[in-house]
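First to last, the sequence lines map onto chains A and B. Just so you know, the first sequence maps onto residues 0 to 228 in numbering that gives the first Met the number 0. Just so you know, the second sequence maps onto residues 0 to 327 in numbering that gives the first Met the number 0.
Honestly, the hints are just simulated from the structure, not real lab data. Be a bit skeptical, because a hint or two may be false.
A short list of chain A residues far from chain B (calculated; beta carbon distances all over 12 Å) [claimed, not checked]:
| hint | residue |
| --- | --- |
| 1 | 31 |
| 2 | 42 |
| 3 | 98 |
| 4 | 102 |
| 5 | 164 |
| 6 | 177 |
| 7 | 203 |
Okay, derived cross-link-like pairs now, DSBU-like style, lysine-lysine, Cα gap no bigger than 30 Å in a straight line [as the list claims (entries may be wrong)]:
| hint | chain 1 | residue 1 | chain 2 | residue 2 |
| --- | --- | --- | --- | --- |
| 8 | A | 77 | B | 126 |
| 9 | B | 22 | A | 222 |
| 10 | B | 230 | B | 249 |
| 11 | A | 74 | B | 193 |
| 12 | A | 8 | B | 90 |
| 13 | A | 2 | B | 80 |
| 14 | B | 124 | B | 230 |
| 15 | A | 74 | A | 91 |
| 16 | A | 77 | B | 90 |
| 17 | B | 22 | A | 77 |
| 18 | A | 74 | B | 126 |
| 19 | A | 18 | B | 124 |
| 20 | B | 148 | A | 74 |
| 21 | A | 2 | B | 124 |
| 22 | A | 77 | B | 124 |
| 23 | B | 90 | A | 2 |
| 24 | B | 80 | A | 77 |
| 25 | A | 74 | B | 279 |
| 26 | B | 22 | B | 193 |
| 27 | B | 279 | B | 249 |
| 28 | B | 126 | A | 91 |
| 29 | A | 74 | B | 80 |
| 30 | A | 77 | B | 273 |
| 31 | A | 222 | B | 80 |
Stretch by stretch, here's where chain A covers chain B in the computed footprint (C-beta under 8 Å, at least three residues) [unchecked claim]:
| hint | segment |
| --- | --- |
| 32 | 59 to 66 |
| 33 | 84 to 97 |
| 34 | 114 to 123 |
As the structure is a prediction and not an experimental result, all values here were calculated from the model. Think of the CB as a built atom: it goes at the ideal place given N, C-alpha and C, for glycine as much as any other residue.
Residues per chain are reported as follows:
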Amino acid sequence: MRKEFIIAKKEIMEILQNKSSLLFTVGYSVFFSVIAALGVKKSPETIDTAVFYIPLVMGIFFAYVSTGRVFFREKRDKIIETLLCTPVSLRKLWFGKVLGSVIPSYAIAILSAILIVLISSILLKSIILPSPILVLHLLVTIPLLVLAAVSLMGFLYLLAGMKEVRIVGTIIFILILGALFGGLGLIGEGYRISLLIEIALMVISLLLVMLTGYLTRYLSKEKIVTTIT
Amino acid sequence: MVVDMQNLNLSQSGGKMKVIEVKNLVKDFGGRRVLNGISFEVEKGEVFGYLGPNGAGKTTTLRIILGLLNPTSGEAMVMGKNLAEDDEARKKIGVVLENDGLYEDLSAYDNLEYYAQLYDVSNRKEKIEDLLRFVGLYGRNERVGFFSKGMRRKLAIARAIINDPEVLFLDEPSAGLDPEAQRMVRNLILELSKEGKTVFLNSHDLDEVQRICDRVAILQRGRITVCDAVKNLRKKFSRPRVIISTSDNKSAERAFEILNSLDFVSNCEIDGKKISLMLKENKQSSLLRKLSENGVEIEEIRKVEVTLEDIYFKMQEEKKNEERVYYC
Numbered sequence: 000m001r002k003e004f005i006i007a008k009k010e011i012m013e014i015l016q017n018k019s020s021l022l023f024t025v026g027y028s029v030f031f032s033v034i035a036a037l038g039v040k041k042s043p044e045t046i047d048t049a050v051f052y053i054p055l056v057m058g059i060f061f062a063y064v065s066t067g068r069v070f071f072r073e074k075r076d077k078i079i080e081t082l083l084c085t086p087v088s089l090r091k092l093w094f095g096k097v098l099g100s101v102i103p104s105y106a107i108a109i110l111s112a113i114l115i116v117l118i119s120s121i122l123l124k125s126i127i128l129p130s131p132i133l134v135l136h137l138l139v140t141i142p143l144l145v146l147a148a149v150s151l152m153g154f155l156y157l158l159a160g161m162k163e164v165r166i167v168g169t170i171i172f173i174l175i176l177g178a179l180f181g182g183l184g185l186i187g188e189g190y191r192i193s194l195l196i197e198i199a200l201m202v203i204s205l206l207l208v209m210l211t212g213y214l215t216r217y218l219s220k221e222k223i224v225t226t227i228t
Numbered sequence: 000m001v002v003d004m005q006n007l008n009l010s011q012s013g014g015k016m017k018v019i020e021v022k023n024l025v026k027d028f029g030g031r032r033v034l035n036g037i038s039f040e041v042e043k044g045e046v047f048g049y050l051g052p053n054g055a056g057k058t059t060t061l062r063i064i065l066g067l068l069n070p071t072s073g074e075a076m077v078m079g080k081n082l083a084e085d086d087e088a089r090k091k092i093g094v095v096l097e098n099d100g101l102y103e104d105l106s107a108y109d110n111l112e113y114y115a116q117l118y119d120v121s122n123r124k125e126k127i128e129d130l131l132r133f134v135g136l137y138g139r140n141e142r143v144g145f146f147s148k149g150m151r152r153k154l155a156i157a158r159a160i161i162n163d164p165e166v167l168f169l170d171e172p173s174a175g176l177d178p179e180a181q182r183m184v185r186n187l188i189l190e191l192s193k194e195g196k197t198v199f200l201n202s203h204d205l206d207e208v209q210r211i212c213d214r215v216a217i218l219q220r221g222r223i224t225v226c227d228a229v230k231n232l233r234k235k236f237s238r239p240r241v242i243i244s245t246s247d248n249k250s251a252e253r254a255f256e257i258l259n260s261l262d263f264v265s266n267c268e269i270d271g272k273k274i275s276l277m278l279k280e281n282k283q284s285s286l287l288r289k290l291s292e293n294g295v296e297i298e299e300i301r302k303v304e305v306t307l308e309d310i311y312f313k314m315q316e317e318k319k320n321e322e323r324v325y326y327c
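Work out the full structure, taking the sequences as your base and the hints as a guide.
Right under this line is the structure:
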């Protein structure tokens with residue numbers, strides 16, 4: 000198995016082992032899905048908006064929680080130093096950790112989408128599905144946005160000093176959600192979830208991922224080790 | 000285990016293979032020189048102790064050797080390779096740093112399995128079970144978070160040897176452990192040494208180093224002040240320490256007065272009926288004669304072997320004196 004996948008598998012295993020954080024996130028996901036489904040019951044046309052926002056926010060929220068665990072905790076506990084002595088390159092290590100954080104975050108996003116559709120259908124006593132464009136949103140846009148958030152937060156967690164690192168993740172989390180909602184707000188109140196919006200989000204996410212991938216060239220073991228203490 | 004000697008890339012000198020070579024290592028941090036021209040070599044199969052007070056530069060040296068820090072100048076090679084540049088070369092080393100590097104939410108088995116996969120270890124299950132038996136943790140299925148410090152340290156050592164490394168780097172392996180756990184860690188290191196592993200031990204535990212190391216280097220303020228075999232150091236610094244027990248306090252006071260006037264006696268200290276002193280030359284018989292001529296009743300006289308601790312503190316003292324002279 001490739002080293003990146005070994006690292007990702009371990010990260011996912013650890014996230015699953017930590018029942019309290021998992022229950023907390025799943026609980027949030029259920030709570031917001033129920034709230035959204037109650038809204039859909041009142042006006043069924045809001046299903047698209049609910050499936051657009053809730054899984055996206057839940058995915059990025061869990062990305063924020065899991066990167067804190069996968070990157071920050073390993074740096075704080077100095078486990079990263081031992082990992083850097085293994086025969087795994089720094090970029091593979093970073094990418095493995097990114098994957099290990101993206102996969103469960105995306106799973107939470109999909110869980111939220113399924114719950115919204117399921118609970119709304121139960122409440123309306125008929126099957127209600129979002130527009131086909133939301134399939135693209137769930138299958139491509141959300142994983143790309145989560146990947147962008149995780150890779151950027153993970154990179155900054157490794158780069159920043161222990162004093163700054165605590166607020167780095169929160170800033171990125173707020174910035175991404177703020178830019179998303181702010182950007183859509185700028186389009187105007189009457190905007191519709193369209194292919195154009197999905198493509199724009201995909202392009203922004205891809206650019207962010209590429210930028211972070213490029214920036215990892217400047218990440219060094221020395222930088223990580225000297226910012227531990 | 001069969002070792003492919005051709006692929007090990009060890010440099011040889013006088014029939015001995017050098018596993019670690021550090022040459023003129025200099026490291027500056029923000030304009031402050033932390034390491035100032037460090038050079039030493041460690042031969043295959045040696046247990047090498049790297050000693051020094053906190054802040055002397057021990058961990059910085061270790062981090063440079065491991066490729067975690069880049070030197071300002073100089074080089075550090077392990078089996079002829081620079082670990083910072085060669086990912087594959089790191090397959091031949093094992094590391095226990097100040098932190099155990101263990102995952103608290105995983106079991107001992109899962110921790111070892113993760114590292115075994117990263118090192119491409121074959122026959123993983125068998126190897127992990129053997130190692131868990133070796134360190135006495137077989138059958139412990141709870142999360143590592145519930146382990147005692149000693150158990151964690153044992154597991155960290157097992158993790159460090161999962162890849163059957165040629166060289167083992169240990170940073171303060173028994174720091175913070177109770178005496179029993181310390182002994183256990185020492186025995187583990189000695190056992191690994193018997194198996195032919197080269198061990199680089201970073202420590203400020205003088206007793207531990209004295210018990211298990213073949214050779215030591217003493218680092219002070221970024222410079223190596225001594226680098227030799229423990230037995231050679233003992234010989235070199237063996238001004239015998241002598242303990243004299245007298246019959247009563249009065250005799251002790253009288254003896255103390257006499258001893259202080261002798262030019263071959265130094266560091267004379269009195270504690271009740273006992274006097275401790277250092278002989279500059281091997282003049283034990285002259286000392287006895289002098290005391291008996293003056294009517295001092297001696298109950299017991301014994302020679303105490305010089306310890307690494309004595310040498311270490313003597314070096315510290317000399318360094319301080321040098322600096323005092325320099326600043327004057």
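Against the structure, the hints:
1. 31: holds, 27 Å
2. 42: holds, 44 Å
3. 98: holds, 15 Å
4. 102: holds, 17 Å
5. 164: Label holds. Min Cβ-Cβ 17 Å, cutoff 12 Å.
6. 177: holds, 32 Å
7. 203: holds, 34 Å
8. A:77 with B:126: holds, 26 Å
9. B:22 with A:222: holds, 23 Å
10. B:230 with B:249: violated, 39 Å
11. A:74 with B:193: Judged against 30 Å, a Cα distance of about 35 Å means the pair is violated.
12. A:8 with B:90: Satisfied, since the Cα-Cα distance of roughly 21 Å is no more than 30 Å.
13. A:2 with B:80: holds, 22 Å
14. B:124 with B:230: violated, 42 Å
15. A:74 with A:91: holds, 16 Å
16. A:77 with B:90: holds, 20 Å
17. B:22 with A:77: holds, 28 Å
18. A:74 with B:126: Distance ~29 Å between residue 74 (chain A) and residue 126 (chain B) Cα, so the pair holds.
19. A:18 with B:124: Within the cut-off at roughly 27 Å; holds.
20. B:148 with A:74: Given pair residue 148 (chain B), residue 74 (chain A) holds - Cα atoms ~20 Å apart, limit 30 Å.
21. A:2 with B:124: This hinted pair holds, its Cα atoms lying about 18 Å apart.
22. A:77 with B:124: holds, 27 Å
23. B:90 with A:2: Judged against 30 Å, a Cα distance of about 13 Å means the pair holds.
24. B:80 with A:77: holds, 25 Å
25. A:74 with B:279: violated, 53 Å
26. B:22 with B:193: Holds, because 28 Å separates the two Cα atoms, which is no more than 30 Å.
27. B:279 with B:249: Roughly 26 Å between the alpha carbons, so the hint for residue 279 (chain B) and residue 249 (chain B) holds.
28. B:126 with A:91: With a Cα-Cα distance of about 25 Å, the restraint between residue 126 (chain B) and residue 91 (chain A) holds, given a limit of 30 Å.
29. A:74 with B:80: Holds. Residue 74 (chain A) to residue 80 (chain B) sits at ~27 Å (cutoff 30 Å).
30. A:77 with B:273: violated, 49 Å
31. A:222 with B:80: Given pair residue 222 (chain A), residue 80 (chain B) holds - Cα atoms ~22 Å apart, limit 30 Å.
32. 59 to 66: It holds, with 3 qualifying residues against the three required.
33. 84 to 97: holds (count 9)
34. 114 to 123: holds (count 5)
The earlier numbered hints that this structure contradicts are 10, 11, 14, 25 and 30.
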